[in-house]
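A.B. asks: Okay, so the sequence shown: first residue is 1068 according to our numbering, each after it adds one.
Worth flagging that the hints you see were computed from the coordinates, not collected in a lab.
Do not rely on the hints blindly, as some may be mistaken.
Unchecked claim - Below, a list of computed lysine to aspartate or glutamate pairs in the EDC-like style, where the Cα atoms sit at most 16 Å apart: (1) Lys1281 x Asp1112; (2) Lys1097 x Glu1078; (3) Lys1281 x Asp1159; (4) Lys1097 x Asp1176; (5) Lys1281 x Asp1154; (6) Lys1097 x Asp1072; (7) Lys1077 x Glu1124; (8) Lys1100 x Glu1078; (9) Lys1100 x Asp1176; (10) Lys1077 x Glu1098; (11) Lys1097 x Glu1124.
Claimed, not checked - Taking CB as the label site, the calculated pair distances span: (12) Asp1232 x Pro1179: 50 to 56 Å; (13) Arg1319 x Lys1281: 28 to 34 Å; (14) Gly1147 x Asp1176: 24 to 30 Å; (15) Gln1378 x Glu1289: 27 to 33 Å; (16) Arg1320 x Glu1203: 21 to 27 Å; (17) Asp1254 x Glu1313: 23 to 29 Å; (18) Glu1313 x Ala1247: 23 to 29 Å; (19) Arg1076 x Asn1255: 44 to 50 Å; (20) Ala1166 x Arg1284: 23 to 29 Å; (21) Asp1176 x Asp1304: 36 to 42 Å; (22) Asp1274 x Arg1319: 33 to 39 Å.
Built from N, CA and C at the ideal position, the CB exists for glycine as well.
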Amino acid sequence: MVANDFAIRKERLTIPGSAQPLQATLALPKEGKGPFGLVVFVHGDGAANATRDGFYEPIWESFANAGYASLSWDKPGTSGAQGNWLDQSMHDRAAEAEAAIDWARQRADIDPRRIGMWGISQAGWVVPEVAAHRPELQFVILVGAAVNWLRQGEYNLLAELRHRDASESEITAALNRRNARLQSLRDNASYEQYLAAHDDSDPMSADRWNFVLKNYRSDVTEFLPQITVPVLLVLGDDDLNVDVDETEQVYRRVLPPPRLTVRRYPNASHNIVRAGLDNDQSWRSVVVAVFAPRSLYAPGYLDDLRTYVAQQPVR
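Go ahead and model the full structure; you've got the sequences and the hints to work with.
C.D. replies: Structure representation (structure tokens):
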């Protein structure tokens, strides 16, 4: 109970969204009336509730210690929220985040000059679009962000196969299946055509197929040159989802050093969790999450987040 007692106050509320109302959680610093700075959270892939099943709470506490509130919401269709997140394009997700920012700017306990964003994984195709449209943002923080959807998918497939010591024949077969699915995407195949063309033991659902069809061309390089706000790029050296070397190279090539800060963490996963706990999904990760949740994260990560936002000048 002590380990899970975070220095935050959580409020559940409903906020206007771009397509439907959003079920949100606002995590405020435990003390004070504000106005506080605000970090707007954008989830990665998959169904996610506002706290990501508690995963975000140590991060919210770090921001609270710097005088910032955090805002996150249940993805549409998750935990009873209206809509279906699998109906969304990356542009739809960016519009949703912008609507949340507009709502937050009207609150008396939020300082509109100190609003930034934190996004993980798939949010790497969402947050940069928002930042390109919103030069008034104080900062953005991107965790485990990829550059190109298709290259990320191939990297993830190969990294996970090699992590579990798959044979060369298994790798070849997996790549062949992937290339066949990719051809169906390029042909703009319907879900029925996809099922007829592929003998997958675990096929995508119809919603998932249409989600991928909408988004598989995503590439962040369209928006990076338009970003003028400070960016913190956070990468784990043992990321099995994203080619972090490519991500760092592209961001450094486009964003000048005064604007871009890069933090890489050794022995850290895609989520900046200790790689031995995250990549192998062992029972130890559950024990740590329950009894010492702050210890899930790579050493220094939570402190670095607090320090970064505290040092950002008011825009």
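A.B. asks: Run every hint past the structure and note whether it holds.
C.D. replies: Hint check results:
no.: 1; hint: Lys1281 x Asp1112; result: holds (14 Å)
no.: 2; hint: Lys1097 x Glu1078; result: holds (12 Å)
no.: 3; hint: Lys1281 x Asp1159; result: holds (11 Å)
no.: 4; hint: Lys1097 x Asp1176; result: holds (13 Å)
no.: 5; hint: Lys1281 x Asp1154; result: holds (9 Å)
no.: 6; hint: Lys1097 x Asp1072; result: holds (11 Å)
no.: 7; hint: Lys1077 x Glu1124; result: holds (10 Å)
no.: 8; hint: Lys1100 x Glu1078; result: holds (14 Å)
no.: 9; hint: Lys1100 x Asp1176; result: holds (7 Å)
no.: 10; hint: Lys1077 x Glu1098; result: holds (12 Å)
no.: 11; hint: Lys1097 x Glu1124; result: holds (13 Å)
no.: 12; hint: Asp1232 x Pro1179: 50 to 56 Å; result: holds (52 Å)
no.: 13; hint: Arg1319 x Lys1281: 28 to 34 Å; result: holds (30 Å)
no.: 14; hint: Gly1147 x Asp1176: 24 to 30 Å; result: holds (26 Å)
no.: 15; hint: Gln1378 x Glu1289: 27 to 33 Å; result: holds (29 Å)
no.: 16; hint: Arg1320 x Glu1203: 21 to 27 Å; result: holds (25 Å)
no.: 17; hint: Asp1254 x Glu1313: 23 to 29 Å; result: holds (27 Å)
no.: 18; hint: Glu1313 x Ala1247: 23 to 29 Å; result: holds (25 Å)
no.: 19; hint: Arg1076 x Asn1255: 44 to 50 Å; result: holds (48 Å)
no.: 20; hint: Ala1166 x Arg1284: 23 to 29 Å; result: holds (24 Å)
no.: 21; hint: Asp1176 x Asp1304: 36 to 42 Å; result: holds (38 Å)
no.: 22; hint: Asp1274 x Arg1319: 33 to 39 Å; result: holds (37 Å)
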